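K.L.:
Residue strings, one per chain:
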Amino acid sequence: MTNVVPALARVESHDLIEVGFTVNGTPAQPRVAARVTLSDVLRDQLGLTGTHVGCEHGVCGMCTVLLDGAAVRACLVFAVQLQGSEITTVEALGRPDQLHPLQEAFSRHHGLQCGFCTPGFLMSAFDLLSHRPDVTRAELPNELSGVLCRCTGYRNIIDAVDDVACAYREGLPGPGNCNSGRSLVGRNAAGPVSTPQDPVGNQETDADGGGLHTIDAIRLPTSEPTVTITVDRQIGATMDGVARVFSDVQLMARCLPGAQLTDDLGGGRYAGRATIGLGPVKLSFRGVAQIVDQQRDRITILAQGRDAGGSGAQAQFSLAAEPSAEGARLTADAQMFLTGRIAGFGRSLAGDVSRRMFADFAAAIEQAARGEEPVAAEPPSAARLLTAALASRMSAWWAAARSRIARRGAGVQNSDDR
Amino acid sequence: MKAAAFAYCRPATVEDTVAELQREEAKVIAGGQSLVPVLAMRLARPRTLVDINSVAGLGRLDLDDDALRIGATVRQRCVELDARAGVVPLLRLALPSVGHRELRSRGTVCGSLAHDDPAAELPSVLACLGGSVEITGPTGFRRVTADQFFLAAMTTATQPHELVTAAFFPIARRGEGFGFGEFARRHGDFALAGVCVKVSMAQAIVATIACFGVADGPVVRDVSGLLESMLTDGPDTTEDTVRDGISAVAGDLAYDIVDTDGDVHASREYRRTLLSVLLSREIARAYHDAVRSMREVS
Ligand code: FES
Ligand code: FES
Numbered sequence: 001m002t003n004v005v006p007a008l009a010r011v012e013s014h015d016l017i018e019v020g021f022t023v024n025g026t027p028a029q030p031r032v033a034a035r036v037t038l039s040d041v042l043r044d045q046l047g048l049t050g051t052h053v054g055c056e057h058g059v060c061g062m063c064t065v066l067l068d069g070a071a072v073r074a075c076l077v078f079a080v081q082l083q084g085s086e087i088t089t090v091e092a093l094g095r096p097d098q099l100h101p102l103q104e105a106f107s108r109h110h111g112l113q114c115g116f117c118t119p120g121f122l123m124s125a126f127d128l129l130s131h132r133p134d135v136t137r138a139e140l141p142n143e144l145s146g147v148l149c150r151c152t153g154y155r156n157i158i159d160a161v162d163d164v165a166c167a168y169r170e171g172l173p174g175p176g177n178c179n180s181g182r183s184l185v186g187r188n189a190a191g192p193v194s195t196p197q198d199p200v201g202n203q204e205t206d207a208d209g210g211g212l213h214t215i216d217a218i219r220l221p222t223s224e225p226t227v228t229i230t231v232d233r234q235i236g237a238t239m240d241g242v243a244r245v246f247s248d249v250q251l252m253a254r255c256l257p258g259a260q261l262t263d264d265l266g267g268g269r270y271a272g273r274a275t276i277g278l279g280p281v282k283l284s285f286r287g288v289a290q291i292v293d294q295q296r297d298r299i300t301i302l303a304q305g306r307d308a309g310g311s312g313a314q315a316q317f318s319l320a321a322e323p324s325a326e327g328a329r330l331t332a333d334a335q336m337f338l339t340g341r342i343a344g345f346g347r348s349l350a351g352d353v354s355r356r357m358f359a360d361f362a363a364a365i366e367q368a369a370r371g372e373e374p375v376a377a378e379p380p381s382a383a384r385l386l387t388a389a390l391a392s393r394m395s396a397w398w399a400a401a402r403s404r405i406a407r408r409g410a411g412v413q414n415s416d417d418r
Numbered sequence: 001m002k003a004a005a006f007a008y009c010r011p012a013t014v015e016d017t018v019a020e021l022q023r024e025e026a027k028v029i030a031g032g033q034s035l036v037p038v039l040a041m042r043l044a045r046p047r048t049l050v051d052i053n054s055v056a057g058l059g060r061l062d063l064d065d066d067a068l069r070i071g072a073t074v075r076q077r078c079v080e081l082d083a084r085a086g087v088v089p090l091l092r093l094a095l096p097s098v099g100h101r102e103l104r105s106r107g108t109v110c111g112s113l114a115h116d117d118p119a120a121e122l123p124s125v126l127a128c129l130g131g132s133v134e135i136t137g138p139t140g141f142r143r144v145t146a147d148q149f150f151l152a153a154m155t156t157a158t159q160p161h162e163l164v165t166a167a168f169f170p171i172a173r174r175g176e177g178f179g180f181g182e183f184a185r186r187h188g189d190f191a192l193a194g195v196c197v198k199v200s201m202a203q204a205i206v207a208t209i210a211c212f213g214v215a216d217g218p219v220v221r222d223v224s225g226l227l228e229s230m231l232t233d234g235p236d237t238t239e240d241t242v243r244d245g246i247s248a249v250a251g252d253l254a255y256d257i258v259d260t261d262g263d264v265h266a267s268r269e270y271r272r273t274l275l276s277v278l279l280s281r282e283i284a285r286a287y288h289d290a291v292r293s294m295r296e297v298s
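Residue numbers (my numbering), protein chains in the order written: chain D, 1 to 418; chain E, 1 to 298.
Do not take every clue at face value.
[Stated by the list, open to error] Derived list of chain D stretches under chain E, where covered just means 3 residues or more per stretch with a C-beta under 8 Å from a C-beta of chain E:
id, stretch
1, 45-58
2, 64-73
3, 149-161
Think of the hints as simulated: they come from the structure by calculation, not from any bench.
All values derive from a computational prediction rather than experimental measurement.
Even for Gly, the Cβ is constructed at its ideal location relative to N, Cα and C.
All chains, please: the whole structure from these sequences, using the hints.
P.N.:
Here it is as structure tokens:
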């Protein structure tokens, strides 16, 4: 509430102004026209889509964030007004593996149904309890009246906030996911960057994924990855063979199912596309890959792409090889951040498919390292991917079923048995 | 919706601000909590927004012998939380009802006065206390009392090329008591009817009410005679007696004050009913508070 912003000379309505502020502990310098609100910058430029926008004129409270420690409506503040300010969004509150007490309480008390209002309530409640840890239950309806909910009828929300208020009279724990030092890109920043002609980045990209070429450095979101995959595989190839694959980007691309390099952008950056088909779902990603580390025995690649239908993916792949008795041991790690339709698959199916693809990738690298042409160079085999994903689920199920049968057979009575 | 495009500047001094305001269709923004919705709905399309948040000195809260001086960029929530503002109890009573907490974090006291929404609380607080506003323009500044400042709905004595630089809320004296009440559909929404009351028992009995949400601006009335006629036991009259006594005549008073047609939220008659309830409740409360203040000090 007390930050004093420095003066600024007149800027015309079509000018873009660089504004420097801190979001969730990380500095950001968006370039904005004067009329752009904080909520739009958070969502469209920084990809922090946890801040929701309902009414866009200050009535609903969906867009509540903390500005210099106090809750405000992000749709009622112009980003240009925030030079030097500190902004905290719902993304900062907790991590998937360690939720903030407020988030846990909302979950426990069923304080959300559709979830649209939840970021607003969480931030409003955070502000309330951090300023007034002594707030009574009777005061909560008035104190939380700045956010609307059309689903829950509010009772469970009040229960959740009251629960946390009672548990933390000595002070509410701060945001658990404010990580300064990590670059700040949220979940849908895979999209084309905004331009003066298209300040909100709405335009469709051209056939080659145009806007993406202008990305000069790929930055991964600070949020938890949607999918994390680790593959560990003994391969019958020499370290020299592996080094040859790691040094040949074209060859590596041919190892990746459905992938194709379309352009060498220089500086270790490549444009390309990747196609995935999954039943009725057809995704065709265009994007950029950037090699950030390339050695004889390891390589790290960042990739960022977007499908015309609005699905986005960002990923970091790391491959490392070390000599072993059988030739080499290949360790591969991937962290993938998915948005849009693809994320709508649900974590587990997207994870299964990605895992399978990644295992194929590792197998293809093994072939390439042995000097064979990798099989994954074929067009993407959607059916194969899907069956593989299902097959691995089936086999897991079958294994579980077998063990149940075995236990029954042994006459073990177990409450798990149904 | 998104605001239409506008040019923007953030001057460092009042002089530069006034200079910028000489341009055509320039509008001051401080907290923006009334202005941004208007821009978002494109009910206004100023060519330039002159942001006063960098102007040195406007963020000050000062106390002199007579009044609490609130600078143009002081946030409502800062006043709510600042102990110094305790010298103006009516302000402290009213602030929690000004919008929602999230709006008060950003919204300013002076902005609310300058915007002068007929249903807003703060213009009536200022009017009830007989406070004043400092307006600065090309030729310097002038001080305008509340009764000269609020002219009609969303219309004040501030000219387009001027800005409100401060507001002065008189400090409560011994023997003064206050009441504040409003009815809104939801806490924090604009009130359907509301009232501020100041009662002084120090010498002669003086009672002033300022009503909001019921006409095109604060409606100020002197109700000293009414209150005095209720004090059958002098200063020993109970709050309940005063409330019951006033409630018998509050309907007529409200009938006279409410000067707005009904709207989708409430009919004229309903607003009268609400106001009459508020009047009896809050005048009695202010009276009780004034008696307490008299006794406390002596
Ligand atoms: S989107 Fe900001 S209050 Fe509704
Ligand atoms: S949970 Fe759906 S709006 Fe609140």
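K.L.:
Each hint should be assessed against the structure and marked as holding or not.
P.N.:
Against the structure, the hints:
{"no.": "1", "hint": "45-58", "in the structure": "holds (count 3)"}
{"no.": "2", "hint": "64-73", "in the structure": "holds (count 6)"}
{"no.": "3", "hint": "149-161", "in the structure": "violated (count 0)"}
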